[in-house]
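From first to last, the protein sequence lines stand for chains A and B.
Numbering follows the numbering used here, with no gaps: position 294 of the first sequence is 294.
Numbering follows the numbering used here, with no gaps: position 39 of the second sequence is 39.
Hints in this document: simulated from the structure, not taken from any laboratory.
In this text the structure is predicted, and so the values were computed from the model without any measurement.
Incorrect hints may have been included.
Which chain B residues stay away from chain A? Per the calculated CB distances, all over 12 Å, these [said to hold, decoys possible]: (1) M1; (2) P76; (3) D91; (4) R252; (5) R356; (6) R380.
Example chain A residues on the side facing chain B (calculated, C-beta under 10 Å, incomplete) [what the hints assert, rightly or not]: (7) F310; (8) D407; (9) N409; (10) P410; (11) I417; (12) D418; (13) E421; (14) T425; (15) E426; (16) T427; (17) D440; (18) E445; (19) W446; (20) H449.
The C-beta atom is built at its ideal place from N, Cα and C for all residues, glycine as well.
Chain by chain, the residues:
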Amino acid sequence: MPRPGFVLDVDRSTPPILFHNGENFRLEKLPAGRSRVIYPAEPHEGLEDPDGAIRHALSHPLGDSEPLEALLFPGMKLTIAFDDISLPLPPMRRPDVRQRIIEAVLDVAAAKGVDDVHLIAALALHRRMTEAELRHAVGDRVFDAFAPLGRLYNHDAEDPDNLLELGTTPGGEVVEINRRAAESDLLVYVNINLVSMDGGHKSTATGLASYRSIKHHHNVRTMQQSKSFMDRHASELHSSNWRMGDVIRDAGVKIFQIESTLNNDTFGTSGPMSVLAKREWEWTLRDRATFLGMKAGLDRMPSAAARKIFQSWRAPYAVTSVHAGQVDAVHEATLAQVFDEQLVTVEGQTDILTMGLPYVGPYNVNSVMNPILVMCLGLGYFFNMYRNKPLVREGGVLICTHPTPWDFNPIHHPSYIDFFEQVLTETRDPAEIEQRFEKDFAEDEWYRHLYRTSYAYHGVHPFYMWYWGAHALQHLGRVIIVGGDPRAVRRLGFRPASTLDDAFELAADVVGPQPTITHFHNPPLIMADVQ
Amino acid sequence: MKALQFSRDVPRYATARVTAGIRPGSGATIGPLALVDTDPPVAPTDDWVELRPRLAGICGSDLATIDGHSSRYFEPIVSFPFTPGHEVVGDLDDGTRAVLIPVLDCAVRGIEPVCASCAVGRTNHCERIAFGHLSPGLQTGYCADTGGGWSTRLVAHRSQLVGVPDDLSDEAAVMVEPTACAVHAAHLVAELGPTQLAVIGSGTLGLSLIAALRHLGAAPGGLIATAKHPIQRDLAGTLGADRVIPPSELTRAVRSASSSFLLGGNQLTGGFDVIVDCVGTDASIEQALAVVAPGGTVVLVGMPGHVSADLTTLWHRETALRGCYAYTRDDFTEAIELVGAAGLDRLVSATYPLRRYREAITHAANAGRRGAVKVAFDLRGEKERNR
Numbered sequence: 001m002p003r004p005g006f007v008l009d010v011d012r013s014t015p016p017i018l019f020h021n022g023e024n025f026r027l028e029k030l031p032a033g034r035s036r037v038i039y040p041a042e043p044h045e046g047l048e049d050p051d052g053a054i055r056h057a058l059s060h061p062l063g064d065s066e067p068l069e070a071l072l073f074p075g076m077k078l079t080i081a082f083d084d085i086s087l088p089l090p091p092m093r094r095p096d097v098r099q100r101i102i103e104a105v106l107d108v109a110a111a112k113g114v115d116d117v118h119l120i121a122a123l124a125l126h127r128r129m130t131e132a133e134l135r136h137a138v139g140d141r142v143f144d145a146f147a148p149l150g151r152l153y154n155h156d157a158e159d160p161d162n163l164l165e166l167g168t169t170p171g172g173e174v175v176e177i178n179r180r181a182a183e184s185d186l187l188v189y190v191n192i193n194l195v196s197m198d199g200g201h202k203s204t205a206t207g208l209a210s211y212r213s214i215k216h217h218h219n220v221r222t223m224q225q226s227k228s229f230m231d232r233h234a235s236e237l238h239s240s241n242w243r244m245g246d247v248i249r250d251a252g253v254k255i256f257q258i259e260s261t262l263n264n265d266t267f268g269t270s271g272p273m274s275v276l277a278k279r280e281w282e283w284t285l286r287d288r289a290t291f292l293g294m295k296a297g298l299d300r301m302p303s304a305a306a307r308k309i310f311q312s313w314r315a316p317y318a319v320t321s322v323h324a325g326q327v328d329a330v331h332e333a334t335l336a337q338v339f340d341e342q343l344v345t346v347e348g349q350t351d352i353l354t355m356g357l358p359y360v361g362p363y364n365v366n367s368v369m370n371p372i373l374v375m376c377l378g379l380g381y382f383f384n385m386y387r388n389k390p391l392v393r394e395g396g397v398l399i400c401t402h403p404t405p406w407d408f409n410p411i412h413h414p415s416y417i418d419f420f421e422q423v424l425t426e427t428r429d430p431a432e433i434e435q436r437f438e439k440d441f442a443e444d445e446w447y448r449h450l451y452r453t454s455y456a457y458h459g460v461h462p463f464y465m466w467y468w469g470a471h472a473l474q475h476l477g478r479v480i481i482v483g484g485d486p487r488a489v490r491r492l493g494f495r496p497a498s499t500l501d502d503a504f505e506l507a508a509d510v511v512g513p514q515p516t517i518t519h520f521h522n523p524p525l526i527m528a529d530v531q
Numbered sequence: 001m002k003a004l005q006f007s008r009d010v011p012r013y014a015t016a017r018v019t020a021g022i023r024p025g026s027g028a029t030i031g032p033l034a035l036v037d038t039d040p041p042v043a044p045t046d047d048w049v050e051l052r053p054r055l056a057g058i059c060g061s062d063l064a065t066i067d068g069h070s071s072r073y074f075e076p077i078v079s080f081p082f083t084p085g086h087e088v089v090g091d092l093d094d095g096t097r098a099v100l101i102p103v104l105d106c107a108v109r110g111i112e113p114v115c116a117s118c119a120v121g122r123t124n125h126c127e128r129i130a131f132g133h134l135s136p137g138l139q140t141g142y143c144a145d146t147g148g149g150w151s152t153r154l155v156a157h158r159s160q161l162v163g164v165p166d167d168l169s170d171e172a173a174v175m176v177e178p179t180a181c182a183v184h185a186a187h188l189v190a191e192l193g194p195t196q197l198a199v200i201g202s203g204t205l206g207l208s209l210i211a212a213l214r215h216l217g218a219a220p221g222g223l224i225a226t227a228k229h230p231i232q233r234d235l236a237g238t239l240g241a242d243r244v245i246p247p248s249e250l251t252r253a254v255r256s257a258s259s260s261f262l263l264g265g266n267q268l269t270g271g272f273d274v275i276v277d278c279v280g281t282d283a284s285i286e287q288a289l290a291v292v293a294p295g296g297t298v299v300l301v302g303m304p305g306h307v308s309a310d311l312t313t314l315w316h317r318e319t320a321l322r323g324c325y326a327y328t329r330d331d332f333t334e335a336i337e338l339v340g341a342a343g344l345d346r347l348v349s350a351t352y353p354l355r356r357y358r359e360a361i362t363h364a365a366n367a368g369r370r371g372a373v374k375v376a377f378d379l380r381g382e383k384e385r386n387r
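Let the sequences and hints guide you as you build the complete structure.
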């Protein structure tokens with residue numbers, strides 16, 4: 001039985017606490033008597049027979065859905081869409097759960113004589129997946145059977161010939177998705193629900209949509225009204241996607257949703273990374289030696305070399321649940337599982353929230369985490385890992401540790417460079433950024449070309465990263481980044497600090513002396529239920 | 001009288017060229033420039049008068065000469081020894097202040113009839129700058145007979161002098177000559193009619209050009225300026241650039257503003273119709289050629305000298321590379337107005353007495369990184385001048 005997550009009150013005997021710090025780590029002593037640390041739960045046991053569980057889910061759907069087998073017939077058009085490279089994080093060891101599920105779906109389809117099958121990476125406005133990344137996600141057997149025939153490909157949100165407008169929501173939100181998916185007799189969506197934000201109607205309404213559709217919910221107003229976007233029922237982002245889901249259903253698109261959850265086994269139970277999943281006071285002498293050796297090596301290693309090592313890490317995640325059937329019913333069951341694995345009850349808010357940002361986020365798999373992605377990971381994803389209310393009080397301070405290099409991958413993030421150089425030098429106000437700059441970037445033909453033909457995120461993507469942090473920007477009194485490139489940190493509008501103690505001093509200007517401090521010991525993933 | 005004098009001394013010139021490559025401005029110490037006691041220049045005819053400099057600026061072309069980077073092209077159109085200094089405001093014997101138009105054209109040289117260029121007012125194109133009753137010299141400050149601004153006295157033809165309004169400070173007046181260059185360039189650019197343009201370099205010339213372009217209402221669709229140093233960035237924005245960026249960002253900025261595509265990392269498929277290069281180095285010219293639109297024009301306002309650049313793009317995209325030198329009398333008159341209207345006196349960052357000329361030149365050669373724009377000699381306190 002895995003131990004649940006919990007909150008540790010820091011006292012004098014508490015050892016230094018682990019902070020992720022990009023491709024490195026820090027051990028930090030937190031002030032006793034007014035600090036606490038939120039620890040994740042230990043990994044749940046994986047399913048003993050994941051393939052059996054998948055087959056069971058396909059034949060025992062939830063909600064108002066027939067079993068998959070009953071939905072398939074010869075001569076039909078079947079489209080299988082699946083989550084892209086942004087999930088899971090880090091990528092999981094083979095076989096990827098998408099591969100397991102897709103193979104199971106294809107087995108059923110083959111048995112029913114379905115031969116018009118397309119597989120689409122539902123990447124929305126993310127970069128296209130490379131062949132190696134697709135192979136990792138769907139497996140070599142599926143890739144070799146479908147890709148050479150042009151039946152396994154990346155979604156293209158800018159291909160007018162392969163998009164179909166299905167209607168508008170009562171609020172005037174245009175719903176436009178991949179034509180092949182929309183015109184199929186059945187769309188099977190294969191999800192990985194790493195966090196509670198993932199899945200549900202968002203899978204199709206965002207993952208297979210066009211820019212003109214996505215912009216209705218990926219905007220400043222929506223993000224500021226999503227408190228948080230990790231809490232489906234308090235998230236305007238999700239409400240909009242659910243409204244779009246109604247339009248998709250009413251347009252006759254039949255979706256068979258398959259959602260899977262993974263446990264928290266990000267770093268494994270053996271090897272040098274396993275120490276990262278342990279609680280510091282339980283570190284053995286061997287753990288300490290391993291950690292110190294690893295850190296000493298990383299301290300001396302060029303960042304590019306360290307990045308290469310970290311980016312090659314494949315997490316030994318185990319599958320903890322698979323649900324299939326009607327979208328809402330499946331998603332509620334999935335959410336229950338995610339919360340069961342990740343939710344930690346926390347009493348009250350804090351003056352200062354600290355978090356160590358790791359080397360990878362959803363948009364820098366096999367890439368560098370540039371400053372805009374640092375902002376998005378800290379103020380977007382991690383800040384929003386709460387239910388009820390933010391971990392830090394309104395006007396409080398967020399302190400992140402990350403090297404925040406002034407470094408961009410020009411293949412993956414070309415428009416990010418221009419955003420950083422052109423937009424952030426003028427303003428950091430999300431609403432002004434949206435109003436003054438978004439259209440030009442979104443409609444820039446060069447970015448569009450790179451998105452469609454190379455491996456670039458869509459021109460508008462850095463804007464969404466900034467909007468992702470809009471709620472936090474509105475809520476926080478100050479953001480401090482420890483150990484970051486001072487120029488890059490200032491460009492983001494944040495304060496640089498060289499040590500955590502310096503950061504606490506800078507924070508005192510905002511929250512006063514002797515503030516309460518909460519450290520979000522994440523990853524492995526935590527969702528805070530703040531009472 | 002005291003004067004800084006530049007003599008023909010090839011070994012010292014060559015040494016300056018080497019050391020200045022490492023320490024800009026070191027030519028003032030090692031090269032053929034010296035502070036000397038010499039006789040005042042003699043007025044060649046009755047049309048010439050004595051001008052006692054009050055302030056005399058240090059220009060990029062002066063620095064190129066002192067640091068040994070000047071082109072040998074100039075050899076037949078200068079005469080040694082000469083006293084540098086062509087950005088001058090001074091006093092006339094009647095007590096009035098005047099700025100100097102340094103171009104030594106046909107009228108100044110007593111040549112009759114004047115050449116075809118001078119006849120139509122394009123004195124900056126004068127075809128007789130090495131002839132007539134004066135020694136060769138394209139401008140005062142490069143001619144052995146006239147003296148130059150880096151001294152207590154020089155001689156000037158009456159046609160070279162323009163009175164300074166009382167409300168214009170000496171600091172503003174010394175900016176008139178470089179601003180006239182900018183006004184001339186701005187007119188040339190305006191005639192090309194670009195909607196958007198980029199100015200490479202925000203030294204004195206780049207900054208005054210930005211002011212001049214804005215004065216003329218050029219580039220209504222946006223003016224991007226590159227600037228290396230904080231003071232340049234601040235001033236370029238204040239003087240009217242819509243966007244000021246580090247040089248390394250120019251390609252991306254022009255690409256974005258012109259909806260271009262990129263080829264091979266740096267070459268745009270489109271670009272701006274006009275790029276103005278106020279730097280004149282290999283790198284700046286190559287950068288300009290990479291971001292100018294097909295059929296567009298790169299205007300070289302900064303003095304280039306020897307450069308090495310790949311001109312394939314110029315050939316393939318039918319780009320024009322156009323020089324832009326000095327000014328006409330009309331530009332000069334307009335510059336006086338612009339200097340006052342745009343407050344260009346603020347570009348004068350530091351002044352030095354003649355005896356501290358080495359410091360002055362080192363400061364000027366490192367102006368941007370030392371937080372300065374224009375460095376000038378202040379002759380107002382020189383004893384000899386006031387005798």
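Against which earlier hints does the structure fall short, listed by number upward?
-> 4, 7, 8, 9, 16
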